[in-house]
Amino acid sequence: MPERRRVHPILNGQVALFGTLALAGGIATWWLRGPDVFLDTLLGSGELLVMIIPIVVAAMLIGGYAQSLVPQDRVARWLGAKSGIRGILLAAGAGAITPGGPFASFALVVALARSGADIGACVTYLTAWSVLGLHRLVQWELPLLGPDLAILRLVVSIPLPIIAGIAARALVRWLSPWTPGRDI
Amino acid sequence: MLAAAITVWVITIAIVAYAAKFKPAAHRPALISTLDFIKPMAARLPLAILAAGFLGAILPRDFVALILGQDSGFAGIALATVLGGLLPGGPMVTFPVVISVIQAGAGTAQTIALLTAWSVYAFHRILAFEWPMLGWRFVLFRMLISIALPPIAALLAAIWAGHI
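In order, the protein sequences belong to chains A and B.
Going from the first sequence to the working numbering is simple: count from 1 and add 1255.
Going from the second sequence to the working numbering is simple: count from 1 and add 12.
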């Protein structure tokens, strides 16, 4: 992304916003659910953070290396605004096979967007990862929902990332002054 | 979680080893852009995860199971879409809710809408990851694009199951 606003890299408005949300959520949790749930949630969030930090750091390293190893024009050719339906299908396939939780896949989207992937490819990738994620199907849906519902859900979800990607590319032209990817 | 950590670190080590062998000049820019990714996350991500955790704790969970009747039709699909987007937390929280919804008699199409909306929106995930990492413009744009997806999946499911 060209022209990124230079504010303090660590402390800015976003930090104040999330800090306020965390504080308000914490007060509301204590108030509505009591101190036990408050403490459980606090510890649970801390535990989650400790578990995901190594994954986020690794994903960011992959993103950093991908950016300096893979030439930008190649990413743009495969996944850029002019990559056509092939780019959408490639992003959908990549999303479906990406394992693991959101921390890794969002970090990869940041890297892809900075390396020349367009918003259509990013939306397709995230949608495919969220609705087609084979990893979640095997781990959760087959055992808990049973094969009938799990497979029905998978089959009806196959067109969704492609619809989302095509819609994103069509819509982003109308929104160009507003540039949805500006913060990436 | 451990499997995910091992997977990403194996990939990372393979890429770093590749760079060390074939393109040593890539290390410096790679580490600079990695730091560039990490810096804005350092304060944002912990706060966002904490906020998402608390908001998940105060949202009513059992309430969802009561609302989606079997013959709720397209209104039920629309409601399931909204509720699915608001379901807090990851699969460990969501699947028990979804199972209780199915046992309470929700239709197949409504259940598909609920699961799909939870998958594409996951309010908790947006707050904890997507917003801090990709920015609110991207979040709003993707939300707008994705509004039709749960109903499309639900209608396809209804056709598949022979209800339409």
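Don't read these hints as lab results, they were simulated from the structure.
Certain hints may be false.
[To be verified] Which stretches of chain A does chain B cover? Using the computed rule of at least three CB atoms under 8 Å from a CB of chain B, they are: (1) 1337 to 1343; (2) 1359 to 1370; (3) 1399 to 1413.
[To be verified] With the C-beta cut set under 8 Å, the calculated list includes, among others, these residues of chain A facing chain B: (4) 1276; (5) 1290; (6) 1294; (7) 1309; (8) 1327; (9) 1328; (10) 1389; (11) 1393; (12) 1419.
Where is the CB? At the ideal position from N, CA and C, for every residue including glycine.
To see whether the hints hold, each was checked on the structure:
1. 1337 to 1343: violated (count 0)
2. 1359 to 1370: holds (count 8)
3. 1399 to 1413: holds (count 8)
4. 1276: 4 Å, holds
5. 1290: 12 Å, violated
6. 1294: Hint on residue 1294 (chain A): violated, closest Cβ of chain B at ~11 Å, above 8 Å.
7. 1309: For residue 1309 (chain A), the interface hint holds, since the closest Cβ of chain B sits about 5 Å away, which is under 8 Å.
8. 1327: Since the shortest Cβ distance to chain B is 12 Å, the answer is violated.
9. 1328: 16 Å, violated
10. 1389: 13 Å, violated
11. 1393: The hint is violated - residue 1393 (chain A) has no Cβ within 8 Å of chain B, the shortest such distance being about 12 Å.
12. 1419: The hint holds - residue 1419 (chain A) has a Cβ within 8 Å of chain B, the shortest such distance being about 5 Å.
In summary, the numbered hints that this structure violates are 1, 5, 6, 8, 9, 10 and 11.
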